[in-house]
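Q: For reference, the chains in residue letters:
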Amino acid sequence: MAEMIKVGMADLKLCMSPNAITTLGLGSCVGVAIRDTGNKVGGLAHVMLPDSKEIKNNVNIAKFADTGVAELVRLMEKAGARRKMMVAKIAGGAQMFAFQNNTQMMRVGDRNVEAVKKKLRELGIPIKAEDTGLNYGRTVEFFPETGDFVIKSVGKPVKTI
Amino acid sequence: MAEFDLNNMDDIYFDALREIGNIGAGNAASALSSMINSKVDMKVPRVELLDFKDVGEAMGGEETVMAGMLLGIEGDITGSIMFLLEEKSAHILVGKFMQQMGMPITESPDGGFDEMQQSVLKEISNIMTGAYLNSLASFTNMTILPTVPSLAVDMAEAILSVPASIFGMVADKMLLIQTAFTGDEALNGFFVMVPDMPSYGKLLGALGVMQN
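Protein chains in written order, with the working numbering: chain A, 1 to 161; chain B, 162 to 373.
If you are wondering where the hints come from, they were derived from the structure by calculation, not from laboratory data. Among the hints, a few may not be true.
As the list claims (entries may be wrong) - Taking lysine-lysine pairs in the BS3-like style, the calculated list, with each CA pair at most 27 Å apart, reads: (1) A:156 with B:283; (2) A:40 with A:159; (3) A:117 with B:214; (4) A:156 with B:249; (5) B:214 with A:78; (6) A:53 with B:249; (7) B:214 with B:200; (8) A:6 with B:214; (9) B:249 with A:152; (10) A:6 with A:40; (11) A:128 with A:118; (12) B:214 with A:118.
Please work from the sequences and hints to get the whole structure.
A: Spelled out as structure tokens, the structure:
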């Protein structure tokens, strides 16, 4: 029986087919799903902030786009995934509130998305699909077997990218 | 006393922050009571320092639909404050508020909140956070004012990702001051106060547990 692995906020985990992996309620955070299309080794990161270098407190490397994506790829390679076979899908990075007074937090969703794309480009991993931005939360489920990335939002039809 | 550090919290700070929650939420409960003209009690607030991965669960589930109202804090301290209501509680409150104001009661066809109901929710958050910050201001003898609210009705985890990422810049945990209200019907509301780091020192100093 295949299981559904759960990833929390500012966390990342591996997932081997036939299992699937999920993270609930992405807001300004970004869900980064990567898999090896050959041996179906996959993983999902729930990143919260764009850049570990901007911030003093960076012990939890899963929290940032730059270090989180790099760590996920490192763990996947350790589990047998090959870099040149890896593809990614991403979702999230919404602006949940119309305005926020904290200037550092302006556009944090957009900046998370940009930072994830930059890191994936550096690592040579192509993005096959994305569902990012706008102003609503997203729950995602990733199936490394097929590469399906299922996105659920409140009051919206379920979509698969 | 040592510099305030969310990753390394003393019990004395917890007690002080719980006291802040008590003072603020108590006043907000009275404001709520007069706003809907019925009895509202407040439970003793829970102050918790949570790992990010546990935040959603503490709110009754990551995917629980909630109305979140985010306001900035200006004055002697700065930061943000969020008032959250479970969707059902929000509908009850909006209904009572509109009834009290003699406004025609509307039902949004999709079960969400129509434009008028959204304005009412923002007004409720103005009153609630205003009362919360007012009592805190008079207790600490500081000027503390809320800015204009912004509203999101969505999954708890998605709404909380906003204050969580503010905490994320300085810590790996999030401080949640959780206050449940009970009236004729159960009303579940929560405050999440996110002072900017320098403001923690001012607040705790004003409460006498930390030197400024």
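Q: None of the hints should be skipped; say for each whether it holds.
A: Verification of the supplied hints:
With a C-alpha separation of about 24 Å, the suggested pair residue 156 of chain A and residue 283 of chain B falls inside the 27 Å cut-off, and the hint holds. Between the alpha carbons of residue 40 of chain A and residue 159 of chain A the distance comes to roughly 22 Å, so the proposed pair stays at or under 27 Å and holds. At most 27 Å may separate the alpha-carbon atoms for a hinted pair to count; residue 117 of chain A and residue 214 of chain B meet this at roughly 24 Å. In summary, the hint linking residue 156 of chain A to residue 249 of chain B is supported, as the alpha carbons are separated by about 19 Å, within the 27 Å threshold.
Between residue 214 of chain B and residue 78 of chain A the CA atoms are separated by roughly 24 Å; this keeps the pair inside 27 Å, and the hint holds. In summary, the hint linking residue 53 of chain A to residue 249 of chain B is not supported, as the alpha carbons are separated by about 42 Å, beyond the 27 Å threshold. Taking the CA atoms of residue 214 of chain B and residue 200 of chain B, the gap is about 35 Å. The hint is violated against a cut of 27 Å. For the suggested pair residue 6 of chain A and residue 214 of chain B, the alpha carbons sit about 10 Å apart, so the restraint of at most 27 Å is met.
Of the pairs offered as hints, the one joining residue 249 of chain B and residue 152 of chain A holds, with about 21 Å between alpha carbons and a cut-off of 27 Å not exceeded. With a C-alpha separation of about 18 Å, the suggested pairing of residue 6 of chain A with residue 40 of chain A holds against the 27 Å cut-off. The suggested pairing of residue 128 of chain A with residue 118 of chain A holds, with an alpha-carbon distance near 15 Å, which does not exceed 27 Å. This hinted pair checks out: residue 214 of chain B and residue 118 of chain A have alpha carbons roughly 25 Å apart, not beyond 27 Å.
Checked against the numbered hints listed earlier, the structure breaks hints 6, 7; every other hint is satisfied.
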